[in-house]
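Enquirer: Sequence:
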Amino acid sequence: MSSPDFVIVGHVTIDVVADGMIPGGTATFAGRMAANLGARVGVVTSAATDYPFSAALPNVTIANRAADKSSTFENLYRDGVRTQYVRAVAEPLDASAIPADWTQASIALLAPLTNEVLPSVESAFPGALKAATPQGWLRHWGDDGLVRLWGWDTLVERLRGLDAVILSEEDVLRDESTIAMLRQEVRLLVVTRGSAGSTLFENGRAREFAPFPAREIDPTGAGDAFAAAFLVRLAETGDSGAACEFANCAASFVVEAVGATGVPTRAQVEARLRSHQ
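Heads up: the sequence shown begins at 1 in the numbering used here, then just goes up one per residue.
Hints in this document: simulated from the structure, not taken from any laboratory. Quick caveat, the model's predicted, so the values are computed rather than measured. Everything hinted at is true.
Label-pair restraints from in silico Cβ distances: (1) His276 <-> Glu157: 31 to 41 Å; (2) Ala95 <-> His276: 39 to 49 Å; (3) Thr178 <-> Thr83: 13 to 23 Å.
Here are the simulated SDA-like pairs of lysine to any residue, each with C-alpha atoms no more than 20 Å apart in a straight line: (4) Lys69 <-> Ala55; (5) Lys69 <-> Trp141; (6) Lys69 <-> Gly142; (7) Lys69 <-> His140; (8) Lys69 <-> Thr49; (9) Lys69 <-> Ser54; (10) Lys69 <-> Arg87; (11) Lys69 <-> Val17; (12) Lys69 <-> Asn115; (13) Lys69 <-> Val86; (14) Lys69 <-> Leu146; (15) Lys69 <-> Pro52; (16) Lys69 <-> Val16; (17) Lys69 <-> Tyr85; (18) Lys69 <-> Arg139; (19) Lys69 <-> Gln84; (20) Lys69 <-> Phe53; (21) Lys69 <-> Gly20; (22) Lys69 <-> Ile22; (23) Lys69 <-> Asp143; (24) Lys69 <-> Pro92; (25) Lys69 <-> Gly145; (26) Lys69 <-> Asp50; (27) Lys69 <-> Glu91; (28) Lys69 <-> Asp94; (29) Lys69 <-> Ala48; (30) Lys69 <-> Ala88; (31) Lys69 <-> Asp144; (32) Lys69 <-> Met21.
The C-beta atom is built at its ideal place from N, Cα and C for all residues, glycine as well.
Working from the sequences, and respecting the hints, build out all of it.
Expert: This is how it looks when you write it as structure tokens:
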């Protein structure tokens with residue numbers, strides 16, 4: 001089997017939902033999305049040995065650093081605003097967790113959730129299109145598990161070394177001054193805005209991309225699928241605007257289901273794109 005051309009580094013999770021627990025995490029949603037678009041996907045992660053990898057990530061190769069517990073999150077939504085709790089955390093991930101033949105991947109997505117993706121990881125992919133969904137480097141929590149986000153200013157130097165940064169307006173607490181700071185520091189910044197679409201910042205220019213109509217059931221994971229779809233399409237076309245539109249369309253499917261079951265195929269995305277042209 002060929003080595004992956006799209007590698008994702010970050011924890012898969014168990015997500016607590018109203019009627020039980022389901023697989024989640026950026027690596028899960030992004031991994032399924034990239035695989036559905038035809039990429040050879042590898043996920044570098046840490047989880048308990050009983051994690052349901054085959055069900056959560058079909059057609060994805062896994063490099064797992066075994067942990068006593070899988071990282072576990074509980075997400076509560078009210079009026080579109082998420083309150084998040086951390087219930088368990090797996091092991092950290094450094095460059096030694098990455099199989100040697102995976103380091104030649106053409107796309108590398110750093111997808112931290114619990115500060116687990118350590119700085120040595122970036123240098124492990126010398127020729128890749130390198131991107132991050134960086135919110136997991138900002139999460140802090142106490143004994144109650146309630147997640148708070150802060151520390152964007154401490155991440156700037158690390159983000160400068162990446163080709164693209166993809167985050168949600170929720171990740172910056174809808175603070176446009178933080179977005180204004182980040183757009184000056186990173187090469188390409190995409191801010192997803194839920195039902196309002198997304199904004200692309202590139203070369204000092206901002207472009208807005210409208211959302212695709214969707215019947216929202218659960219927004220969890222939509223931004224993660226967006227990130228993977230954006231990177232795949234950017235690598236295919238070199239057109240960041242087309243990649244944003246494609247990713248908006250892909251994300252619109254994810255909100256229409258609970259968990260990663262809503263991640264679409266390429267054919268579904270292309271059909272919805274055509275229907276809205």
